[in-house]
Amino acid sequence: MANKLQHGYRLGLLAAGVGMALSAQAQEPAQVNFYNWSDYIAEDTLASFTTDTGIQVTYDVFDSNEVLEAKLLAGNTGFDVVVPTGDFMGRQIQAGAFMELDKSKLANYGNLDPNIMALLADKDPGNKFGVPYLWGTTGIGYNVDKVKEALGEAAPVDSWDLVMKPENLEKLSQCGVAFLDAPTEIFAAALNYQGLDPNSTNTEDYDGPATELMLSLRPHITYFHSSKYINDLANGDICVAVGWSGDILQARDRADEAEQGVNVAYSIPKEGALMWFDMLTIPRDARHPDNAHKLIDYLMKPEVIAGVSNYVAYANANSAAREFVDEEILNDTGIYPTEEAAAKLYTAKILPQSVNRVITRAWTRVKTGR
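Residue numbering for the sequence shown is -26 to -1, 1 to 344, as defined by mature numbering (1 follows the signal peptide of the UniProt record, and there is no 0).
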């Protein structure tokens, strides 16, 4: 009898706990905390969401996956929706950083491109934890006139030779060179350029050829940063940036609007480049999970995500959105690559922690030049 009573007491506590949780969830304040990449949403998106739902958005930004990951793995992030890149999301799923999405609360889930969802399933089996927000490539942004001035008419702007050959980078350093502060992406590009697997799990590839190449380039790199290069390219303060497609195309558009004679272009190198997906996810400790689902669902509306693509110049994974995307965006091969370019793109895989530690250590060597 005592055991039955104890069992009943435990069940009663469990039921009470579930009831309290449901009650708390039902009484969520009308707010949601959104942590996103810099320069990565349209000007009116969040205001329109608030108008439609009455939910206020607290919005904060980051500019590297490493910054986001540190917050996620430390716990108690204070955020309800965060936007990791696919491979980072994959290992964060393994660490238990996210809550599973309730797809019954995502009325617009069916708008997502099934081919892209299948591609993402290797990082998120069953697509349980994330939905794609935007996607792009990591390539080369350049000031057309200054690069021509530095390297001549035959400057290899369609090749990683432009920034991976020290003799070229030395000349370009006179007008300023920026690289992303994104170790996994830059090392992947270096490995791919050297004919090695961009997702190599051989630590000697990172300690050896990848680091050696980057150290040979380091004296000619002005800085490593993952957002500063947008304005610097637009203003003509640098002439080359290894960066993200949409950011460089934003720089191009800002330069055009300023009408100061700065001509910016973007290239997906012919040797191949990284194709990445940024994902909408809900941290395990989110305080407003219902509102998080409402925000994610809103961002899957075709006209909403098309408006974001039109503003930030990144492709989206929403099949139903194509009719709302501006023709100049759809036809821009820097945003939606040609079949020939797409055939040489690679995606990032989840690397073992032992490899990630080597990458982190090697990146410190590269940035310090030692």
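Where hints are given, some of them may not hold.
Simulated crosslink set (DSS-like; lysine-lysine; CA at most 25 Å straight-line) [unchecked claim]:
#1 Lys45 with Lys102
#2 Lys77 with Lys268
#3 Lys45 with Lys341
#4 Lys79 with Lys102
#5 Lys341 with Lys139
#6 Lys202 with Lys341
#7 Lys120 with Lys268
#8 Lys202 with Lys79
#9 Lys323 with Lys45
#10 Lys341 with Lys145
#11 Lys341 with Lys323
#12 Lys244 with Lys318
#13 Lys145 with Lys202
#14 Lys139 with Lys120
#15 Lys244 with Lys145
#16 Lys318 with Lys139
#17 Lys77 with Lys202
#18 Lys341 with Lys102
No lab work stands behind these hints: they were computed from the structure.
None of these values were measured; they are calculated from a predicted model.
Evaluation of the provided hints:
| no. | hint | in the structure |
| --- | --- | --- |
| 1 | Lys45 with Lys102 | holds, 21 Å |
| 2 | Lys77 with Lys268 | holds, 11 Å |
| 3 | Lys45 with Lys341 | holds, 23 Å |
| 4 | Lys79 with Lys102 | holds, 13 Å |
| 5 | Lys341 with Lys139 | holds, 18 Å |
| 6 | Lys202 with Lys341 | holds, 16 Å |
| 7 | Lys120 with Lys268 | violated, 46 Å |
| 8 | Lys202 with Lys79 | violated, 37 Å |
| 9 | Lys323 with Lys45 | holds, 22 Å |
| 10 | Lys341 with Lys145 | holds, 20 Å |
| 11 | Lys341 with Lys323 | holds, 24 Å |
| 12 | Lys244 with Lys318 | holds, 8 Å |
| 13 | Lys145 with Lys202 | holds, 22 Å |
| 14 | Lys139 with Lys120 | holds, 17 Å |
| 15 | Lys244 with Lys145 | holds, 22 Å |
| 16 | Lys318 with Lys139 | holds, 21 Å |
| 17 | Lys77 with Lys202 | violated, 37 Å |
| 18 | Lys341 with Lys102 | violated, 37 Å |
Checked against the numbered hints given earlier, the structure breaks hints 7, 8, 17 and 18 and satisfies all the rest.
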